[in-house]
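Using the hints provided, position chain B relative to the given structure of chain A.
Protein chains: 2
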Amino acid sequence: MYRPQIKVLDCTIRDGGLINNHCFEDSFVKSVYLACSLAGVDYCELGYRLSKKQFSQDKFGRSKFCDEDFLKEMTTGVKNGAKLATMVDIGRVELEDIKPKKESMIELIRVACYVKDIDKAIEYVKHLSAKGYDMTVNVMAISTALQPDLEEGLAQLSECPLKAVYIVDSFGGLFSEQVHFLVNLYKKYLSPKGIEVGIHCHNNQQLAFANTIEAIRKGANYLDATIYGIGRGPGNCTLELLLAFLKNPKFKLDPVLEIIEKEFLPLREKMEWGYIIPYMITGILNQHPRSAIALRASKDKDKFAEFYRTLLNDIELA
Amino acid sequence: MYRPQIKVLDCTIRDGGLINNHCFEDSFVKSVYLACSLAGVDYCELGYRLSKKQFSQDKFGRSKFCDEDFLKEMTTGVKNGAKLATMVDIGRVELEDIKPKKESMIELIRVACYVKDIDKAIEYVKHLSAKGYDMTVNVMAISTALQPDLEEGLAQLSECPLKAVYIVDSFGGLFSEQVHFLVNLYKKYLSPKGIEVGIHCHNNQQLAFANTIEAIRKGANYLDATIYGIGRGPGNCTLELLLAFLKNPKFKLDPVLEIIEKEFLPLREKMEWGYIIPYMITGILNQHPRSAIALRASKDKDKFAEFYRTLLNDIELA
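Top line first, the protein sequences correspond to chains A and B.
For what it's worth, numbering that gives the first Met the number 0 labels the leading residue of the first sequence as 0, then goes sequentially.
For what it's worth, numbering that gives the first Met the number 0 labels the leading residue of the second sequence as 0, then goes sequentially.
For reference, chain A alone in the conformation it holds in the complex (with noise of 0.2 Å):
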């Protein structure tokens, strides 16, 4: 019998944004948020609510921002669609301009932090909680965080407002045996608490979809998939392989077929996200995919072997 508890959610707009600095047609994120609603999914990222002041309006599109009349227009129309969700970053967000829950569309904030900027993130979390939202915390690049400093920060996590706590495979460097022992560990300090643990993969290595299984067979509920695997290089667990996976009858995949039909074959052309051998070569490294990113910008994009080679021995000469 398939878990009720589960929540999809989909960060394609938030996620995928990474890639063209959020400059998506608000067409385009009406149609996302139309289909993640058809499909049944629980939260719809619709990007980061990210401060003004910080990032220029003429630099990066309507999803960096997430303002009240954005969220509007990209869901007018919508009966009973997915709930709204955010991202926000430690530092780049004014707290104060964010209104308190009943006056905004948004229903769940997510505070991405790495493990030393727990602390912080609990500043966010119990601010942003008090003025009505629902939270949880992503722990990116959690393939680096040694064990110590995560359960300390597990701890003080599990004494907070939230709803889920995030396992982020940012480098997408994880393995099956690693992602069980991650959500054993979490689930040690938050499900005394009734906090979830989410899971959250990167595909470096072709691993993501496999991944977010695991992490569910070891009892995550909280789910992200991005349409067609759209994000930042080798991208997400797609939100159509997870959905024919999930055996609660809500959750639709034709929806998902249809916008990947019309809207994702014309982008992937324009934009590119997927198995690309930088982002493979970073994965298997464990390390941020930064240098694949330049790497990728850059007219070497397609040396390989080079590439590779460059990567060992900046660890040799670490």
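Accuracy of the hints is not assured; some may be wrong.
Any copy, or any two copies together, can satisfy a pair, since identical chains are not distinguished.
[To be verified] Subject to a maximum C-alpha distance of 25 Å in a straight line, what follows is the list of computed SDA-like cross-link-like pairs (lysine to any residue): (1) K251 / E315; (2) K29 / V77; (3) K217 / L184; (4) K162 / E102; (5) K302 / M270; (6) K217 / S128; (7) K192 / I5; (8) K119 / E95; (9) K302 / F244; (10) K187 / E305; (11) K6 / L17; (12) K71 / K261; (13) K269 / H126; (14) K217 / S175; (15) K246 / Q146; (16) K217 / Q177; (17) K251 / L310; (18) K58 / E95; (19) K261 / G273; (20) K249 / L310; (21) K300 / M270; (22) K300 / S30; (23) K300 / L266; (24) K246 / S175.
Note that these hints are calculated values from the structure, not bench results.
Here is chain B on its own, set in the frame of chain A:
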């Protein structure tokens, strides 16, 4: 510590050739053999050895037949190269045309069959083993095999002179728990007789590499992969991910990255394989990809939602 018993078999030419009737340029086949040899791959499967009476040499390329002059040409100049393997299909080969091992460059012959044809495969194994070849049997479409039939087949195979019996996830429909179950079931029959378990995965659900790892974890020691995942439809477990995962220092990643850069990027412009939605759909439905192959060859190649509904209706009517 790494497991020295593990054998990696590259089936780039054999499985990739299913896309183009094995009409590869000789220079391409030579490059693949060289790259595999430099990478430390144990076996390189340079194609099928099928009947020239049944398959026209006008329509099919040299790696459909793998005669000795072809094998010699493809491997000339490579010292201590990968051992050569070829595959035979039930009913598509004239056994009497295959010379004794001492007159052949082939080390390993793999018999592909469905569970229902295991008796026939065993005849082939006995004949070819008597001629001096190492043998495996590759049981296809394992995700639809009925357990009692499979167990009867495994019991028979366990009495044969075999190096390995393969789990072949032809439809790309397996999940990790099923891989665990199957490896354990195979081991129950085969391990007492010193026969290894092999795994060959397709990537319909982006699980080919993940399931190969899961099979390794449970004890599979014969591992199939292809460079850049080339293979019919969704393709296979990628050799580069597999070699990066394996800890045996004899495996080298660089030669594989180099050939991807030089040969596979341009080839991918001309031939299609990988994460393509119609193959994902046959995978989630645990079906043979023939309907997806037909769709991709038609003008409706990108009508994903309609294709899905058609297959669902077929199931409902069945």
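Against the structure, the hints come out as follows:
| no. | hint | in the structure |
| --- | --- | --- |
| 1 | K251 / E315 | between (49 Å within a copy, 17 Å between copies) |
| 2 | K29 / V77 | within (9 Å within a copy, 57 Å between copies) |
| 3 | K217 / L184 | both (11 Å within a copy, 23 Å between copies) |
| 4 | K162 / E102 | within (21 Å within a copy, 69 Å between copies) |
| 5 | K302 / M270 | both (20 Å within a copy, 21 Å between copies) |
| 6 | K217 / S128 | neither (28 Å within a copy, 45 Å between copies) |
| 7 | K192 / I5 | within (17 Å within a copy, 44 Å between copies) |
| 8 | K119 / E95 | within (15 Å within a copy, 75 Å between copies) |
| 9 | K302 / F244 | between (36 Å within a copy, 21 Å between copies) |
| 10 | K187 / E305 | neither (43 Å within a copy, 45 Å between copies) |
| 11 | K6 / L17 | within (23 Å within a copy, 40 Å between copies) |
| 12 | K71 / K261 | within (24 Å within a copy, 49 Å between copies) |
| 13 | K269 / H126 | neither (40 Å within a copy, 55 Å between copies) |
| 14 | K217 / S175 | both (11 Å within a copy, 13 Å between copies) |
| 15 | K246 / Q146 | between (34 Å within a copy, 24 Å between copies) |
| 16 | K217 / Q177 | both (11 Å within a copy, 16 Å between copies) |
| 17 | K251 / L310 | between (42 Å within a copy, 15 Å between copies) |
| 18 | K58 / E95 | within (23 Å within a copy, 71 Å between copies) |
| 19 | K261 / G273 | both (18 Å within a copy, 20 Å between copies) |
| 20 | K249 / L310 | between (45 Å within a copy, 20 Å between copies) |
| 21 | K300 / M270 | both (15 Å within a copy, 21 Å between copies) |
| 22 | K300 / S30 | between (32 Å within a copy, 22 Å between copies) |
| 23 | K300 / L266 | both (20 Å within a copy, 17 Å between copies) |
| 24 | K246 / S175 | both (21 Å within a copy, 17 Å between copies) |
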